[in-house]
Amino acid sequence: MGFDPKKVTAKSGQALSDAISLAKEEGHQQLVPLHLAVALWEDPEGLAKSCTQKAFNPETYASLTRVLRKHLVKVPKVSPPPEDVYPNKDTTKVLDNAAKIMKDRKDSYLAVDALILAVLAASDVGTALQESGIPRAQLEDAVKEVRKPQGNAPVDTPTSDENLEALTKFGIDLTANAAHLDPVIGRDEEIRRMIRVLCRRTKNNPVLIGDPGVGKTACVEGLAQRIVRGDVPEMLRSTRLISLDMGALMAGAKYRGEFEERLKAVLNEIKESHGGIVLFIDEIHLVVGAGKAEGAMDAANLLKPMLARGELHCIGATTLNEYRQHMEKDAALERRFQQVMVGEPSVPDTINILRGIKEKYETHHGVRISDRALVVAAELSDRYITTRYLPDKAIDLMDEACSNVRVELDSKPEVIDGMERMRTRLQVEQAALKKEKDQISIGRLEQVKKELAALEEHLAPLVVQYNSERARLDEIRGLQAKREQMLVNIGLAEQRGDLARIADLKYGALPEVDNRLKMLRDAAPQTNAMLTEAVGPEEIATVVSRWTGIPVVRLQQTEREKLLHLSSELHKRVVGQNEAVNAVADAVLRGRAGLAARNRGASFLFLGPTGVGKTELAKALAALLFDDEKMMVRIDMGEYMEKHSVSRLIGAPPGYVGHEEGGQLSEAVRRRPYSVVLFDEVEKAHNDVFNVLLGILDDGRVTDAKGRTVNFANTVIIMTSNLGAEHLLTMLQAKADRKAVKQQVLQAARTFFRPEFLNRLDDIVVFDPLSDDQMTEVARLIVNELNKRLAAKNITLELSEDALQFAAREATIAAGNVYGARPLRRWLEQNVITDMSRMIVAGTLHENSDVLCTTLQDAQRQPPASVPWMQGTSQLSYRVTPKPRLSGDGDMEQDTATLDKFKRSRLMEPDTADPFEVDDEGGMVY
Numbered sequence: 001m002g003f004d005p006k007k008v009t010a011k012s013g014q015a016l017s018d019a020i021s022l023a024k025e026e027g028h029q030q031l032v033p034l035h036l037a038v039a040l041w042e043d044p045e046g047l048a049k050s051c052t053q054k055a056f057n058p059e060t061y062a063s064l065t066r067v068l069r070k071h072l073v074k075v076p077k078v079s080p081p082p083e084d085v086y087p088n089k090d091t092t093k094v095l096d097n098a099a100k101i102m103k104d105r106k107d108s109y110l111a112v113d114a115l116i117l118a119v120l121a122a123s124d125v126g127t128a129l130q131e132s133g134i135p136r137a138q139l140e141d142a143v144k145e146v147r148k149p150q151g152n153a154p155v156d157t158p159t160s161d162e163n164l165e166a167l168t169k170f171g172i173d174l175t176a177n178a179a180h181l182d183p184v185i186g187r188d189e190e191i192r193r194m195i196r197v198l199c200r201r202t203k204n205n206p207v208l209i210g211d212p213g214v215g216k217t218a219c220v221e222g223l224a225q226r227i228v229r230g231d232v233p234e235m236l237r238s239t240r241l242i243s244l245d246m247g248a249l250m251a252g253a254k255y256r257g258e259f260e261e262r263l264k265a266v267l268n269e270i271k272e273s274h275g276g277i278v279l280f281i282d283e284i285h286l287v288v289g290a291g292k293a294e295g296a297m298d299a300a301n302l303l304k305p306m307l308a309r310g311e312l313h314c315i316g317a318t319t320l321n322e323y324r325q326h327m328e329k330d331a332a333l334e335r336r337f338q339q340v341m342v343g344e345p346s347v348p349d350t351i352n353i354l355r356g357i358k359e360k361y362e363t364h365h366g367v368r369i370s371d372r373a374l375v376v377a378a379e380l381s382d383r384y385i386t387t388r389y390l391p392d393k394a395i396d397l398m399d400e401a402c403s404n405v406r407v408e409l410d411s412k413p414e415v416i417d418g419m420e421r422m423r424t425r426l427q428v429e430q431a432a433l434k435k436e437k438d439q440i441s442i443g444r445l446e447q448v449k450k451e452l453a454a455l456e457e458h459l460a461p462l463v464v465q466y467n468s469e470r471a472r473l474d475e476i477r478g479l480q481a482k483r484e485q486m487l488v489n490i491g492l493a494e495q496r497g498d499l500a501r502i503a504d505l506k507y508g509a510l511p512e513v514d515n516r517l518k519m520l521r522d523a524a525p526q527t528n529a530m531l532t533e534a535v536g537p538e539e540i541a542t543v544v545s546r547w548t549g550i551p552v553v554r555l556q557q558t559e560r561e562k563l564l565h566l567s568s569e570l571h572k573r574v575v576g577q578n579e580a581v582n583a584v585a586d587a588v589l590r591g592r593a594g595l596a597a598r599n600r601g602a603s604f605l606f607l608g609p610t611g612v613g614k615t616e617l618a619k620a621l622a623a624l625l626f627d628d629e630k631m632m633v634r635i636d637m638g639e640y641m642e643k644h645s646v647s648r649l650i651g652a653p654p655g656y657v658g659h660e661e662g663g664q665l666s667e668a669v670r671r672r673p674y675s676v677v678l679f680d681e682v683e684k685a686h687n688d689v690f691n692v693l694l695g696i697l698d699d700g701r702v703t704d705a706k707g708r709t710v711n712f713a714n715t716v717i718i719m720t721s722n723l724g725a726e727h728l729l730t731m732l733q734a735k736a737d738r739k740a741v742k743q744q745v746l747q748a749a750r751t752f753f754r755p756e757f758l759n760r761l762d763d764i765v766v767f768d769p770l771s772d773d774q775m776t777e778v779a780r781l782i783v784n785e786l787n788k789r790l791a792a793k794n795i796t797l798e799l800s801e802d803a804l805q806f807a808a809r810e811a812t813i814a815a816g817n818v819y820g821a822r823p824l825r826r827w828l829e830q831n832v833i834t835d836m837s838r839m840i841v842a843g844t845l846h847e848n849s850d851v852l853c854t855t856l857q858d859a860q861r862q863p864p865a866s867v868p869w870m871q872g873t874s875q876l877s878y879r880v881t882p883k884p885r886l887s888g889d890g891d892m893e894q895d896t897a898t899l900d901k902f903k904r905s906r907l908m909e910p911d912t913a914d915p916f917e918v919d920d921e922g923g924m925v926y
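Counting in the UniProt record's numbering, the sequence shown runs from 1 upward without gaps.
Calculated from the structure, these hints are not laboratory results. Note that beta-carbon positions come from the ideal geometry of N, C-alpha and C, so glycine has one too. One or more hints might be untrue.
For each label pair, taking beta carbons as the anchor points, the in silico distance ranges come out as [unchecked claim]:
(1) Lys572 - Gly247: 51 to 61 Å
(2) Arg444 - Arg546: 40 to 50 Å
(3) Glu579 - Asp698: 22 to 32 Å
(4) Asp698 - Gly418: 32 to 42 Å
(5) Met631 - Leu694: 19 to 29 Å
(6) Glu777 - Asn848: 54 to 64 Å
(7) His686 - Arg708: 21 to 31 Å
(8) Gln14 - Arg105: 14 to 24 Å
(9) Asn848 - His686: 53 to 63 Å
Once the Cα atoms are required to be at most 16 Å apart in a straight line, the calculated EDC-like pairs of lysine to aspartate or glutamate come out as [claimed, not checked]:
(10) Lys482 - Glu362
(11) Lys49 - Asp182
(12) Lys619 - Glu683
(13) Lys169 - Glu261
(14) Lys144 - Glu189
(15) Lys619 - Asp636
Starting from the given sequences, assemble the full structure and let the hints guide the process.
Printed below as a string of structure tokens:
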């Protein structure tokens, strides 16, 4: 029987195609056995490579590929390269021998192992084997061994030989890679429970169940490390723990039955090991329904018989939700596994875990992590990142903080970068001025030269310092990587029992590296360092703030001052209402000091008439905390008057329209957990809405329609209401006792709201109506807001004291003697802004002008001036004066600001005389 090109497997066909392509590339006229050998052995995932490495070692394999290439160069070339390549007689003989091996094995297709055996018999390949020091018989035995786990089953399909060494292709040997795994700290009870289940006679298959990120996979890696150390019962000491890659198993399985064929090959190899292999399937719920098509079985049905008979030792890992949704539905599969629950570790346990893996991250990033940073990472992640689980979220915090420091180390310091940019600007200016001949340009040129010289004098020592520190840190990083590799080599030597190698590394090379590292770290500058490799609590807190928006970084002095004077800052926007302002300020102060209740945010109910500052206080607080009052979550409770509208807060139930969108409140707080939440006019909401608010006010959390818990612990909840406002207005008009009126207002609230709702509030604050003087202050604040709008035209509006009092009085009368900011704002818009609009249209008011507004009587009392008064509406007069023009060079101001920044830099000694000065015209002199 001769070679039939139609009866080859996909792998063999690919090898033949690669050999022909190689011959054409090299300009060879004939296909020789060496072409086949190079194509087979240079396949990175090929059988020839794996057999050679398994029988010998990677170095021997590399030597063989080099020798094969060397012999291939000796094959005669032709030019131009031939379009077609035909096999010579040696290659034909190789292919006929491969066909004979195929017939002897009763294969239907020529498999790649048969092709390898035939190529090994070729004379020129045999010469290459001898030159590489490889006994041909030993390599042939290794190739013949690959079919034994499959029971020497014949190759019946074009893809059957892809399943040779299926475990090597579709699995990762954790015991072989144990030296490269991160150390596993703790989890002793879970690992012992796994060992006890694995040692059972039947149903010896543990499944690890726990929340994502709690360490299920780490438990299995810990078991692999124990197996390597021999710290397991006798029956497990010689086992291999192999992780099955379900993605690789399913990838490319395009024909029906191909996936099942691959999985069967994996299971056959495990069966032939007679208990020597333990299979680990991460995300084991994927096997339920995996590969299933119409009329086909899923992977779970292939596993069940071997699991029941104890022929397959399998460890699974999945989450609680996935186990419930997939595994519990298949009762026959579930009963073959024994549950091992993996809970979330405590904060102290997480700190120990971080200490155990710290060195791996230090080596990878080339930084140093302080122990305090590990403690802060565990504590802050537990407190503020409530949607994820320890230790995963703490490890991610540490990892990103290290990454941030590494990026800073690899970037040029800001002070050097700024000075180099300034030098470039001055050099460009110098080149331009050299072309000018006028005296001003010549004078400026001399000035630029002096500035460049001074800049170079400052920059040179900084660059020298930066290069020195960078070289030291680069050497430290290289030594850390070298030390890590030494520890891996020590672990591998311990597995082999190579005592000489262990002694050489542990007592020779390793102490030498440690001493050099200590010397380099001791040489770090104690002050004014431009680069730092340290990762401390501040870096961890910065990452938490970036993730959550919660300002957990250490308070800077400016922020301390702002918080201590928060009441006065709020009063800049809210007139009066001392009780309300102090209550809110104190709540924020407790939260930023870290002494607020951990499970709930501050909550307030603001009662009072309209327009006295209830909503404005919430806006002012948001503006102070986030620099933008729009960063407030505002819920208008007038939109929640119907019973069904409660679903808009936390999301529609499953099966209803809008379930996938989530709730307006729950989604807003989930995205921004540190926020001010305003429930405006809360008395208008339906009673069922208050049932949702009860849990938020008491426990600081709510469960949305998708079952996710939303944390309100870092929010400030403000509810406003107009209940009892009529009593407050009566008090203002009749001058009644404030305490008695306040009790009447509170009684109105108690009558309307349920006791369990009111008892969960931190404070109920009554807002007083505004007096005449306070209305004047409100008018002044509104004018300041109007000036922000007028700033686009560079127009400044100023109201005299008489005009402010007149506006407050007229607005109150126009609103029916109702005091409030809204009617006052409306009156100013309708009168003052309307008058100014008329003046702009008439051409009497231009951009870059100052406008003074006063009453008609006050204007008449003023002495005559060069600029006349203009009559407006509502007894108001206006005087318009142009703004004085300011001279100066914008670029010069920018340069001056840059120099000022350098003066304040921590890299310049405070006692050093500053060579830079700025003259009266904004220029720089030296």
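Tested hints:
At roughly 59 Å, the beta-carbon separation of Lys572 and Gly247 lies within the given 51 to 61 Å, and the hint holds. At roughly 45 Å, the beta carbons of Arg444 and Arg546 sit within the given window of 40 to 50 Å. Range check, Glu579 to Asp698: Cβ separation about 24 Å, and the 22 to 32 Å hint holds. Taking 32 to 42 Å as the suggested C-beta distance range, the pair Asp698 and Gly418 does not conform, at roughly 52 Å.
Taking 19 to 29 Å as the suggested C-beta distance range, the pair Met631 and Leu694 conforms, at roughly 26 Å. A beta carbon spacing of about 29 Å between Glu777 and Asn848 contradicts the range 54 to 64 Å that was offered as a hint. Remark: the range hint 21 to 31 Å for His686 to Arg708 is upheld by a beta-carbon distance near 24 Å. Hint check: Gln14 to Arg105, Cβ distance near 20 Å, so the stated range 14 to 24 Å holds.
Distance hint for Asn848 and His686: a CB-CB separation of about 54 Å, consistent with the stated range 53 to 63 Å. Between Lys482 and Glu362 the alpha-carbon distance is near 13 Å, which keeps this suggested pair within the 16 Å criterion. Distance hint between Lys49 and Asp182 is unfulfilled; the C-alpha atoms sit about 29 Å from each other, more than 16 Å. A distance of roughly 20 Å separates the Cα atoms of Lys619 and Glu683; the hinted pair therefore is violated under the 16 Å criterion.
This hinted pair checks out: Lys169 and Glu261 have alpha carbons roughly 14 Å apart, not beyond 16 Å. Taking the CA atoms of Lys144 and Glu189, the gap is near 43 Å; set against the 16 Å cutoff, the hint is violated. Proximity of Lys619 to Asp636 is assessed by CA-CA distance (about 14 Å); at most 16 Å being required, the pair is judged to hold.
Violation of the numbered hints given earlier is confined to hints 4, 6, 11, 12, 14; the remaining hints are satisfied by the structure.
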